[in-house]
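**Q** Heads up: the sequence lines are chains R and X, in that order.
At position 199 of the first sequence (counting the first as 1) the number is 199 in the working numbering, and the numbers step up by one without a gap.
Numbering-wise, the working numbering comes out as the position in the second sequence, counting from 1, plus 286.
Take the hints with a grain of salt, since some may be wrong.
As the list claims (entries may be wrong) - Here are the simulated EDC-like cross-link-like pairs (lysine to aspartate or glutamate), alpha carbons at most 16 Å apart as the crow flies:
id	chain 1	residue 1	chain 2	residue 2
1	X	Lys450	X	Glu470
2	X	Lys473	X	Glu455
3	X	Lys296	R	Asp91
4	X	Lys529	X	Asp393
5	X	Lys473	X	Asp463
6	X	Lys550	R	Asp91
Everything labelled a hint here was simulated from the structure, so no lab data went into it.
For clarity, every value in this text was computed on a predicted model and none was experimentally measured.
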Amino acid sequence: MKRSITRLLMAPSVIMLLVWMIVPLSMTIYFSTIRYNLLYPGQNRFVGLMNYEFFVTDPGFITAVANTLILLLSALVITVVLGVMLSALIDKPFFGRSIVRVLLISPFFIMPTVNALIWKNMMMNPVYGIFAWISESLGLQPIDWLGTYPLMSVIIMVSWQWLPFAILVFVTALQSQDTEQKEAAQMDGATGWHIFRYLTIPHLARPIAVVVMIETIFLLAVFAEIFVTTGGGPGYASTNLAYLIYNQALLQYDVGVASAGGLFAVLLANIVAFFLIRAVGKNLTV
Amino acid sequence: MTLNQQRKLKTLITGLLAWFVALLLFFPIFWMFLTSFKTELQAISVPPTLFFEPTLDNYKIVQERSDYLLHAMNSVVTSFGSTFIALIIAIPAAYSMAFFPSKRTKDILLWMLSTKMLPAVGVLVPIYILFRNNGLLDSRTGLIIIFTLMNLPIIIWMLFSYFKDLPKEILEAARMDGATPWDEMVKVVLPLSIGGIASTGLLSIILCWNEAFWSLNLTASNAAPLTAMIASYSSPEGLFWAKLSAASTMACAPIVVFGWFCQKQLVQGLTFGAVK
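Sequences and hints are given; from them, build the entire structure.
**A** Shown next, in the form of structure tokens:
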């Protein structure tokens with residue numbers, strides 16, 4: 001009796017997510033095996049694995065996979081490390097702490113398109129940007145960030161967006177840290193670093209797992225920042241898997257190849273998820 | 287130096303450092319806001335102009351060029367609407383998993399999260415075709431459906447973690463009094479979880495408001511939310527930073543101010559079960 005009620009309560013969510021997963025996925029699998037180009041309608045014949053071959057041998061494929069992983073790992077490291085440091089910094093009271101907190105978390109509320117446009121134009125522009133002006137004031141040659149370091153520029157933008165999220169979660173977690181334990185450690189002569197290393201970091205294990213999990217979901221699919229700023233270039237220097245597929249589907253109208261690529265993205269996401277869940281899974285739910 | 291002085295000095299240094307970092311991270315937003323009141327010439331001047339006579343011209347031009355109110359309304363309707371629907375679907379599921387767990391609960395939860403791992407580009411074409419065939423392209427309804435499904439796994443997970451931390455004794459007491467699972471959920475769990483539900487909802491609203499991929503690809507003029515409006519200003523033709531800044535400020539201001547007001551609430555619920 002109770003079992004059936006609890007199943008009933010879960011049913012809407014499970015069914016909706018199942019449909020959301022299976023319907024588009026099976027359509028994608030189907031499209032990936034036919035020749036399907038929007039420029040040549042009516043020629044949709046079965047081509048087996050040709051689309052896959054075409055996508056994998058695309059000159060940008062290896063680069064795109066590498067870029068996706070570099071982007072993911074760099075942004076994760078930056079946001080988690082800085083996030084822990086900054087949230088530990090603002091954990092103790094000081095003048096205007098609440099304002100500092102508001103300022104720190106604000107970038108999270110900025111939409112990715114706007115984020116990208118601010119950085120591309122007003123910060124990183126090699127002629128009129130703030131960075132160029134700072135370089136020149138210091139007597140240095142201004143850097144064309146998006147031209148010279150396209151992937152790093154995108155990483156900076158994405159990290160700027162997600163650092164506040166990490167701070168939000170860590171600040172919340174630190175509030176629940178046992179102050180008595182900290183005071184006791186202090187009495188015993190533990191230094192600030194020791195308290196941070198042996199009490200704060202272990203206390204943050206679970207929030208870190210949570211941040212890694214959620215950020216991974218979003219970082220694997222970074223799109224707007226690349227779309228608005230570099231367009232994946234120069235060459236394939238800042239193309240990630242998401243952007244490469246987008247390129248196939250919407251710029252070259254090749255739905256078949258794009259679908260094959262989409263399945264690769266799904267595969268990559270699942271490999272990452274598998275390792276991730278194994279690594280942080282024990283900290284996640286129970 | 288006495289111990290008290292030492293402590294004061296430490297607080298001072300912490301404070302200064304924190305302020306410095308906070309201002310540094312906030313600077314791009316501040317600069318965007320400032321630039322929106324400049325003329326186009328001032329916007330690209332080197333060295334940067336800090337003091338100038340502010341003008342509202344950019345805002346007027348943006349309003350003339352695009353129907354700001356329509357796009358803002360689209361953003362509000364889609365993000366609040368989808369969050370509301372997703373919460374209604376997610377609460378019973380999270381409740382059931384948190385209080386009546388079975389052996390498979392953890393697997394189901396991880397499976398739900400893994401659906402979120404499916405990259406949107408991978409399924410863009412099928413969704414586009416389904417939407418086109420069902421007249422959902424460029425409609426608020428279509429966007430609400432996508433947003434609801436998109437955030438459902440995260441919402442369920444957050445609520446699940448929150449529910450799990452509720453004191454079990456209260457529920458047991460209710461059960462002793464003969465409450466059914468439904469009664470328990472509506473009369474005991476929900477009132478206790480207003481905080482968690484609110485912050486889950488807030489996070490979902492923020493994610494929807496800022497969602498760019500689906501909004502760019504599935505909407506045109508009618509249902510385009512603010513993210514899509516901004517994209518129309520990103521064209522490379524010339525340098526229109528002042529106008530771009532005005533449009534960006536208009537697009538972000540509602541959610542930023544909303545976020546500022548709700549940040550206490552947001553922080554309280556973002557525990558993901560991390561607090562014992």
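**Q** Each of the hints needs a verdict: does it hold here or not?
**A** A quick look at each hint next to the structure:
{"no.": "1", "hint": "Lys450(X) - Glu470(X)", "result": "holds (14 Å)"}
{"no.": "2", "hint": "Lys473(X) - Glu455(X)", "result": "holds (15 Å)"}
{"no.": "3", "hint": "Lys296(X) - Asp91(R)", "result": "holds (13 Å)"}
{"no.": "4", "hint": "Lys529(X) - Asp393(X)", "result": "violated (49 Å)"}
{"no.": "5", "hint": "Lys473(X) - Asp463(X)", "result": "holds (13 Å)"}
{"no.": "6", "hint": "Lys550(X) - Asp91(R)", "result": "holds (15 Å)"}
Of the numbered hints stated above, the single one contradicted by the structure is hint 4.
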